[in-house]
Structure formats: structure tokens, C-alpha cells
Amino acid sequence: MSATGLSSTSAPSIAEPPSTATEPASGRRRRRGMTATNKRNLRTGLLFISPWIVGVLVFILYPVTYSIVLSFTRYSGMDAPTWVGVQNYITAFTDPLVAKATSNTIFFALIAVPLGLLVALTLAIAMNQNVREVALYRTIFYAPSLIPAFAMSFIFIVFLNPQFGLFNQVLNLFGGPNINLLGDPTGVKIAIILMAQFGAGNAALIFLAGLRNIPKTIYEAARVDGAGPGRQFVAITFPLLTPVLLFNLITGVSGALQVFTEAYIVTNGTGDPDAGALFYMMYLYKTAFGFAELGYASALAVLLFLAGLALALMIFWLSRRFVNYDVEAA
Amino acid sequence: MTSTFTPKTSLSSLQVSQDRDELNRRADGTRRPWYSTLAARAVMVALSVLFLLPLYWMSVSSLKSDEELAQFPPTLIPETWEFGNYVDAVLAMPFLTFFANSAIITTSVVVLSVLSNFVIAYSFACIDWPGRDKLFYVVIATLFLPFPVTLIPMFDMWARLGLVNTLFPLIIPAAFGSAFYIFLLRQFLKQIPQDMLNAARVDGASEWTIVWRLALPTSRPALVTVAIFAAVAAWNDFMGPLIYLQDESVQTLSIGLQTFRSVNAQDVSFNQLMAASFLVILPLLLLFFIFQRYFIRGITIGGFK
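Quick note, the sequences are listed as chains F and V, same order.
Under the numbering used here, think of the first position of the first sequence as 1, with each following residue one higher.
Under the numbering used here, think of the first position of the second sequence as 1, with each following residue one higher.
No lab work stands behind these hints, which were simulated from the structure alone.
Possibly wrong hints are sitting among the right ones.
Claimed, not checked - Within a straight-line C-alpha distance of at most 30 Å, the following computed DSS-like cross-link-like pairs (lysine-lysine) qualify: (1) F:100 / F:216; (2) V:190 / F:216; (3) V:134 / V:190; (4) V:190 / F:286; (5) F:39 / V:190.
Put together the whole structure using the sequences plus the hints.
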């Protein structure tokens, strides 16, 4: 019933030829109002993006606003939220576990993001080589990105097992001691950072798209001018990749702030030893779904949102100095 | 006199032209001679070994017996192939139920994502409406919104609708567009010549007809790319099922592995765990290998400006 109603109202309006609406004759009216084509395009355009508009309202605007409101309340999910003012924010700034989780997350981001960019760029350059079997390399380098974080975590748990894991067996072979990397507060972070590098395939594909977007003629000209591979990379490849680098940098930072699954699995949901793998997102999750303090968790989420926003804006602002949008111009 | 110089000059000019040919060939993307790529190949083979290690390690460990797993030095190929590990892994949890739930979620998410994002991206790329490019900035802005800030209200909303513990909270949002896919598809759609679309419009084709008959078939590589990204994200989602699905009957494979491990916390059978992990990844691996060619093309041809 609703389907027929939909098709009778919306479908013909799209198919409607412009003949019913008369074209405005004078240029004055054309400037002030819209032409019939413009109007029709606007209607069709908005109709086509209507799912996105609904999505933004229901899945972004409403929850973000509601999160902000909830962050000023005490709310268990059962009873009605009670207003507590900025209490949650005061608690957040004095909570030692928040401080711990924040410093863990910063530690993670500071190492994982630059390392991730380096790995992804290396992979992309390898994926872009003019060799016959290049399709094979692309597949191989991307394949580990298909391994979900939870499965990769299990692989690392086995790999790093202090009794029979390959990691310790190799260490022993060289006369090294048994190291329980996952039993050490810093070691567990490093393990998670290394683990994350196997998922560099997605960022690498985006770098690859950027590499293939650089006109070959620029390299040709550089070669004629006698520039070697190193010089070509510094003078051409890197500057022209900076827009893509910016994209990968921001998504990388955003992802690092939200690191969760690996830590959850590796530490079996605890974040231990010594809260070494208690990342911000994990503490947020525990607060919300473990302790049922949804108001406090909302405040933590809002703070994470603000931190992410501030970082993104800062990166954008700094990027004006190094991001080069002249690919087409060159 | 000239005759003695002529071959020399022609030889050197031949040399130059050969160099230029070489440059052109490289620029065109054709192969260099094998020796010039030897070093590059060595690096790539080393990288390949490193990146295949997790998959290799997982599949080999999954086939070893308990004793062989603890053996040192580790065997590169299992001495005895313990396929029984796979049977044990499947029997250790309601594997079929979990698999079915994962499959339902993933299939629905892929279909909804491809359809909704394609129509939205088409509007942003191929229909010329006022305010379009400004609104596209908003699309890009939502790309950088961290999801935790929507987490609790969304849970609250689904709870009020009585849909927690059903698959709907993990499926329905896919119908409403996602910034990254819109962005990806728009880049691709921008390359369709506008003249072709306008010609169809002049011929009286409706915008829907143009979308389904012209734009959609042209965009197959980009659609495969979105489909694979969406499939990987849905199949591998851990936090979504962790939050929304509590009953075993609606649980997915990603949580299934975790349960598997918790149950056996004291005495974990790592070979069975690896077997289960490998079974979880297998459908995605197959999907990727089948569509690999389209996938890489979809993301690289689209460019990134």
C-alpha cells in the first residue's frame, strides 16, 4: 500500500519532462528565481540523497545532541536520567583511570599513526611497481586487512604465548630470556601497535590511488632533467601525495583514538596488566555497558569527540603549509 | 668526411631515441628489463612473506596436534594433518547459527550499502542542483565523526524500539548512506562523461532509468569495491554485536570466537581456536580473491582528488 503511494507521488515527478513548467524569459527572473531545469534538478537531487539526509538526522545529529544532553545527567539506562550539571566532567578530569586510559591512547597514537603511514606508503609503492606479478603483490599486501582485529588478536596471543609461542622460541634460540609481552603494561601496547600494521592495506590502497593519479609526464620531465629516483620521490611523489596523506593521517588519528577490539580480546576485556592496555574507548565501553553509567560514559564520549575534532582541525590548519593540491595544475 | 661522421651521429641519435623509448615505455607502465627490477622484487618478496605470515601461521597451527603445536623448532608444514581440529572447533559453539547470523547481517548490509550509497553518490556527482557542492562538504565532515559519541543514544534508541537482541540495529543504518562510500562512488561517477547522461536526458530517459541503465553498469568496479569494504566491515564487526546482541541465538561469528576462548580460558586449545578463526576469515578471503581485479581497479581508477 505504501509502495504504491510512493511510486504514484515520487516517480512521475522525476520523469516529468520540463515542458509543463515554462522557462522564464527574462534574465532578471532567471537570476532571482531558478530555472525550471534547476528546480527539477533540485527536486530530483534532494530526493536521491534523501536517505542520507534521514541518516544524518537520525544517526548523527540526534545521537550527538542526545549524547551532549545525557553527559549532564546520571543515567543507568533503566530509570529516567537525573540532571547533575557538569559533575560528570569534573569526575572525568579527576578520574585516575581516565588519565591512565588517555595516556595509553596517546602513547598508542603517537607510535601507531606515523608507523602506520610509513607501512602503508611502503606497501603502496610496492603495489605500484611495473612488474609482471604486481597483481599478486597487491593481493598479498591487502589480504591481512581482511583478517578481523579479533582473529588477528588470537593469532598474536598464540604467537606471543610465553610457553610455546613462536616469538619466545626464537628468542630462546638466540639465548634470550622468555618474554611475556602481553604480561607487560608497555609490551601489550607495543604488541597491539605491531598487530595493527597488518591492517595497513586499506590506507595503502588510498595511497596507491594517489600514486596512480600523478601524471606520468611529470616523472618523464624530471628524468629528462636528470632527477634520480630519490629526488623524484622528494620533489614529485611526496608533495603530490600530500592530499592523500592528509586523508590517511586524519582517519589514522581518528582510528587510533578509538582503538578497542584488539585490546579487548588480548586482555580478555580487562585492559590489564596494570591497565596497560586500558584505552580510552575501552574505558568508555566499560563505563557504559559494564557499570551502566551511561551519563558518565556520554561525558567521556563528548570529550573524545571534542579531542578528535580539535586534532582534526589542528591537522587541517597545519596542512595548509604542506598539502599540495596542484596535481591538475602541474 | 661526412661519411665517417654520419654513422656516428646516427648511432648517437639512435642511442638517444632508444633512451627515450625506454622512458616512454616506463611512463606507459610497461615492464622494465628483469635485472633493473631485481632489487625491487627482492624487497617485495620479503614484504610478501612478512604479510602472509599471520595467515600462514593461522592455517598451519589450525592443522597441528596439541603436541606438535608445542614443539620446537616449529614445523613449517604439519607432520600429521589434524583436520579434526576443524570439526572440534565447529562443535565447540553453535557454529551454524553464528554463521547464519553473520551471513544475514553481511548480505543485507552489502545490498543496502551498495544501493543507497550509489543513488546518493549519483546525485552528488551527476545531477546539477544548487547547493550540491556545499552539502557535499557536510558529507565529508561526517566522515570524521568518531562513532562513540553516537554510541549510547543509538543503543538507547534501539532499546526503546525493542530491537536490542535482534539483527536490525546492525543492518538498518546501512540503508542511509555512509560518507566514505558516497565519497568513493562520487569520485568514480564523476568520470562518466556528462554529455552521455545529457544525451539520455534529451532522449526523454528519466533519472531513474539513467541510474539503473547507464550509471550502474558502468560503475561495476566501484560497486564491487564498496561491496567488499562493506562486507569486510560487517562480517568483522566486533563491537556492534558485542553491544546489541546478547542471546546466543542472535550472536555472530566474531563474538563466537570470544565465547570459544572464554569457555576454555583455563585450557585453551589454540589449534582449535586457529581453526575457528580460519573458518571465520575464509568466506572473506574467497570473496576477495574472486573480485580482487575489480576491487583494485575500483579504488585506483576512481582517483583521489
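* Asked: Any of the earlier hints contradicted here, and which numbers?
  -> Of the numbered hints given earlier, those the structure breaks are 1, 4, listed in rising order.
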